[in-house]
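So the sequences go chain by chain: X and F. Residue 258 is where the first sequence starts when you use the numbering used here, and the numbers rise one by one after that. Residue 1449 is where the second sequence starts when you use the numbering used here, and the numbers rise one by one after that.
Simulated from the structure, these hints should not be mistaken for lab results. Just so you know, not all the hints are guaranteed correct.
Stated by the list, open to error - Below, computed lysine-lysine pairings styled on DSSO-like, alpha-carbon distance capped at 30 Å:
| # | chain 1 | residue 1 | chain 2 | residue 2 |
| --- | --- | --- | --- | --- |
| 1 | X | 396 | X | 476 |
| 2 | F | 1492 | X | 357 |
| 3 | X | 396 | F | 1491 |
| 4 | X | 396 | F | 1492 |
As the list claims (entries may be wrong) - Stretch by stretch, here's where chain X covers chain F in the computed footprint (C-beta under 8 Å, at least three residues):
| # | region |
| --- | --- |
| 5 | 1450-1463 |
| 6 | 1475-1481 |
Note that CB positions come from ideal geometry on N, CA and C, so glycine has one too.
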Amino acid sequence: MGGRSAWLSWATFAGIPVSLYLALVYAPEEVTMGPIQRIFYWHVGAAWVGLLLAFTVVFVASVAYLRTRRRNWDTLAYCSAEIGVLFTTIVLLTGPIWAKAAWNTYWTWDPRLTTTLVLWFIYLAYLVVRGSAEGNERKARLAAVFGIIGWVDVPIVFLSIRWWRTIHPVVIDRRGFHMTPEMVAAMLGGIAAFTLLYFWFMQQRLRLEELRREVADLKDELREGV
Amino acid sequence: MRMLFIGYTLVWVALFGYASYLAAQQRQLAREVSLLKEVVGRKKA
Chain X
258 MGGRSAWLSW ATFAGIPVSL YLALVYAPEE VTMGPIQRIF YWHVGAAWVG LLLAFTVVFV
318 ASVAYLRTRR RNWDTLAYCS AEIGVLFTTI VLLTGPIWAK AAWNTYWTWD PRLTTTLVLW
378 FIYLAYLVVR GSAEGNERKA RLAAVFGIIG WVDVPIVFLS IRWWRTIHPV VIDRRGFHMT
438 PEMVAAMLGG IAAFTLLYFW FMQQRLRLEE LRREVADLKD ELREGV
Chain F
1449 MRMLFIGYTL VWVALFGYAS YLAAQQRQLA REVSLLKEVV GRKKA
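So here's chain X without its partners, still in its complex pose (with noise of 0.2 Å):
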């Protein structure tokens, strides 16, 4: 393991603990909602890596393969719409349990969940799309012209709760936090443990397609008659 690869691994699990105890115990307890309103933590954080940072990279690299056509662009771009998928996953599976506390339902038709919920499938359909596309350039390129497309649905789900009428909670705004220091710093703190922990995901995602490269390159060479 490499010295930069290491100081990843040890960042990424140094902070996950530290971003739990910010979150359950140096933060207030809010007064309206009780300890159900730590959820609130993780969910930023896992909606910043996988709303925005993951497919954001989805976005850049499918650019970047359209333009250059090479392979590694389209390789990052599968990875981390992979990630970003497992990421929406955890901000869909932890919002209806704070809404729950909040608006006495799991889940409602708010513009800011529907959008969500679409970017999700978007970009399941995505890896879908990208899945059947081993070895086949133009189902690459199709995939990289989707993840493009699906990149749309971000700034909405972001400006969703701008544009619309809607219930779900404006935590910052021009103003800046509507939130004692404690819990912006809880805030903050899973932000930043999810995004180490995007990375690694990245390394070790990447790594894992580097050796199905080097698996299908053997045994090629193998049909070839070595």
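Based on the hints, put chain F in the right spot on chain X.
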């Protein structure tokens, strides 16, 4: 409190499950690579 526990458990299951999946796949492919390298080496010899 129970719902908070369920929430954090779900997140852990998702993260740990994915990390385990990646580790298992890496192990399996690394084994496959070493086997294939051995076969290729034998054929070359």
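Problem - Given hint residue 1491 (chain F) paired with residue 396 (chain X) - CA-CA distance at most 30 Å - result: Violated: residue 396 (chain X) and residue 1491 (chain F) sit about 35 Å apart, past 30 Å.
Handout entry: Check of the region 1475-1481 of chain F against chain X for coverage (Cβ-Cβ below 8 Å, three residues minimum)
Key = holds (count 4)
Handout entry: Coverage of the region 1450-1463 of chain F by chain X, judged on three or more residues with CB within 8 Å
Key = holds (count 9)
Problem - 30 Å limit on alpha-carbon distance, applied to hinted pair residue 1492 (chain F) and residue 357 (chain X) - result: violated, 64 Å
Problem - 30 Å Cα cutoff - pair residue 396 (chain X), residue 1492 (chain F) - result: It is violated: about 35 Å lies between the C-alpha atoms, which goes past 30 Å.
Practice task
Quickly compare the C-alpha distance for residue 396 (chain X) and residue 476 (chain X) to 30 Å and report which way the hint goes.
Solution key: Status holds; Cα separation ~22 Å.
Figure legend: structure checked against the earlier numbered hints; hints not met, in rising order: 2, 3 and 4.
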